[in-house]
Amino acid sequence: MDALSNLMMGFGDILTPYNIAIIFAAGLIGTVVGALPGLGPSAGIALMLPLTFGMPEASGLCLLTGVYMGTMYGGRITSILINAPGDAPAIITALEGYPMMQQGRGAMALGISAFSSFIGGLFGLLVLIFAAPVIASYAIFLGPPEYFLLMATGLATVMLLAGDQIAKAFLVTCLGVLVSTFGSDYVSGQIRFAFMPELIEGIDFVAIIIGLYGLGEVFYNLEKRVKLNLGKPGFRMKEFIPGKAELGEAAAPTLRGSVLGTLIGIVPGAGATVATFLDYALEKRLSKKPETFGTGNIAGLAGPEATNNAAVPGSLIPLITLGIPGSGGTAIMLGALIMFGLRPGPLLMTTSGDIVWAMIAGLVLANLFLLASNVLLIPVFVNLLRAVQGNLANVVIALCVVGAFSLAYSPFNIWIMLIFGVLGYLMKKNDYPTGPFILAVVLAPLAENYFRQSIMLGQGSAGIFLDRPISLTILIVMVLIVVLSILSQIRKKRRMRRAAVDGE
Amino acid sequence: MRASELLLIAGTAVFALVLCVQSTDFQYFSRQGFGPGFVPMNFAILTLLLAGYLLIKARLKADGPFLPEKLGERLKAAAPALLAALLLFAGTALMAFGSVLAPLYAVMVVISLAFLGHGLVRALVLNAVTLAAIYAIFSLWLNIPVV
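Chains as they are written, first to last, in this note's numbering: chain A, 1 to 504; chain B, 1 to 147.
Treat the hints with care, since some could be wrong.
[To be verified] Quick list of in silico lysine-lysine cross-link-like pairs, DSS-like style, CA-CA up to 30 Å:
#1 Lys227(A) / Lys61(B)
#2 Lys224(A) / Lys61(B)
#3 Lys428(A) / Lys224(A)
#4 Lys493(A) / Lys70(B)
#5 Lys244(A) / Lys57(B)
[Said to hold, decoys possible] Reference excerpt, derived from the structure (chain B facing chain A, CB under 8 Å, subset only):
#6 Thr24
#7 Leu46
#8 Val110
#9 Ala132
[Stated by the list, open to error] Quick look at which bits of chain A chain B covers, simulated, 3 or more residues with Cβ under 8 Å:
#10 204–214
#11 219–227
#12 360–367
#13 371–385
#14 443–457
#15 478–489
Note that these hints are calculated values from the structure, not bench results.
Just so it is clear, CB atoms sit at the ideal spot from N, CA and C, and this is done for glycine as well.
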């Protein structure tokens with residue numbers, strides 16, 4: 001009940017016309033920034049930070065968290081409409097949303113993802129409100145072995161993302177790991193493979209994502225002379241408000257995604273990316289028609305979308321209660337909290353509870369605004385796409401180039417994006433899965449660091465992974481994923497052989 | 001085997017080989033565990049093995065000739081993608097002169113004319129409007145120095 005009364009107190013603080021306008025604007029700005037390739041939550045929050053100077057603490061934090069939440073909503077728009085995810089968690093959205101768009105169901109994909117995002121965000125917020133301190137107290141028991149195994153479990157989902165092309169998936173996974181080794185080695189401090197000064201900081205994975213998906217798709221479509229025919233602009237509600245059938249199909253995956261997203265979002269470092277990939281693998285595993293994944297499956301879209309948005313409040317839990325930022329976005333939020341004179345850590349809820357609860361109330365309000373604005377904006381986005389469909393290749397090229405440039409204000413990332421654009425084109429043309437590659441690029445550096453730290457902790461022995469109960473549990477889950485995937489592949493091959501024999 | 005797949009596997013193998021050789025500069029083991037050379041070397045070797053496996057698999061499975069035939073026709077089919085990529089590489093090289101949007105505009109106009117079937121006026125106007133919108137969002141609104 002304490003939590004509820006604190007929340008009500010928070011609402012009392014923020015329900016002023018000034019704060020409501022700020023939260024609404026933050027959501028809209030976040031949606032637009034998140035929709036732009038190259039600009040994710042970190043960029044969105046960083047860009048808005050100067051605007052908060054001179055604002056009251058609660059208003060400033062509401063602005064930043066509203067932008068954070070909005071970018072998560074916005075990330076799905078370009079993923080679905082032009083196959084150009086703005087950040088890593090939106091990759092899965094592209095895997096299922098873009099095929100839906102190609103089938104003329106882009107508006108429906110946006111509608112389903114908006115509802116799933118809302119439920120995911122709401123679930124994460126409820127956990128943040130009622131269970132934050134309790135859950136956060138467990139998070140401190142996780143050390144490098146647990147983090148490594150969590151990353152490795154994420155990487156194990158390659159088995160599920162691979163489909164029938166296991167060898168190809170492993171090749172691109174290894175390639176992804178190699179790409180991720182460029183730049184500083186965090187354990188020893190040595191610089192690896194810096195063939196030019198720009199590579200000292202490694203290869204920016206956002207440039208890779210933009211190239212691989214956005215530009216790769218453009219090259220492929222130019223070769224195949226694909227012409228979109230999305231019809232003329234229209235405003236039929238039926239196109240984007242999910243009906244009973246769609247909502248029924250999306251309900252269970254959304255709930256599962258909400259739980260998974262919140263739980264993994266809480267773990268610092270893991271964040272929304274691991275959560276969305278794990279959830280996608282889970283949905284594919286549970287689906288009665290796993291072969292429809294990658295062709296516009298509603299469960300494959302709804303689950304990861306809920307996961308993605310549930311991870312935002314989830315990642316705020318360790319930030320608020322322990323002062324540990326779990327992602328780039330929350331790291332900037334940590335800076336903002338300090339900038340406002342707050343001290344993130346176990347005492348934050350006690351010493352500055354009023355501001356924190358106002359921020360949480362602001363997030364609840366932002367989530368509501370975002371659902372409404374995103375559903376209402378679907379016709380705008382879809383009709384915008386319809387209006388530019390004749391010149392879509394150039395629009396995507398321009399967004400990709402400028403998006404890559406904006407990562408470091410230099411053409412270096414444009415070169416990186418172009419190289420990975422060609423790679424994406426070659427991979428698409430030859431049926432090499434891109435999911436495992438990008439998963440490896442994102443997770444491998446973290447996995448490598450945690451692995452080497454764990455071995456150091458174990459004084460050279462790998463037994464440390466078996467000695468700790470939480471790491472042992474994660475290890476068992478990971479082994480189960482791998483074994484079940486292999487068994488499912490064997491069963492599938494047997495079924496196909498039987499069908500072929502029966503056919504003869 | 002398709003020429004593009006051969007290119008993909010060969011390119012990956014060369015990349016892995018370079019990193020494999022370069023990773024010998026780094027420690028494989030450190031005092032209490034593994035050094036910075038551990039992951040790149042092992043994964044480079046694994047990549048090379050997988051690339052070899054995929055090539056052998058394709059060789060054994062191939063009904064016809066293993067190496068791609070009718071390269072001229074295949075190149076012609078892939079020309080729009082290849083030329084668009086080349087144009088973008090050239091445009092990016094020109095960005096060294098200080099402007100991102102000017103070379104980008106030229107590339108977009110050529111793509112419009114060559115591959116999207118637009119007339120000159122339409123190509124010039126459509127792409128100018130597109131870049132103006134992008135300039136307004138990135139430069140004027142978000143203060144990202146795109147010129």
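**Request:** Quick one: which hint numbers does this structure break? Sort them smallest to largest.
**Result:** Going through the list in order, the structure violates hints 1, 4, 5, 6, 8, 9, 10, 12, 13, 15 and respects the others.
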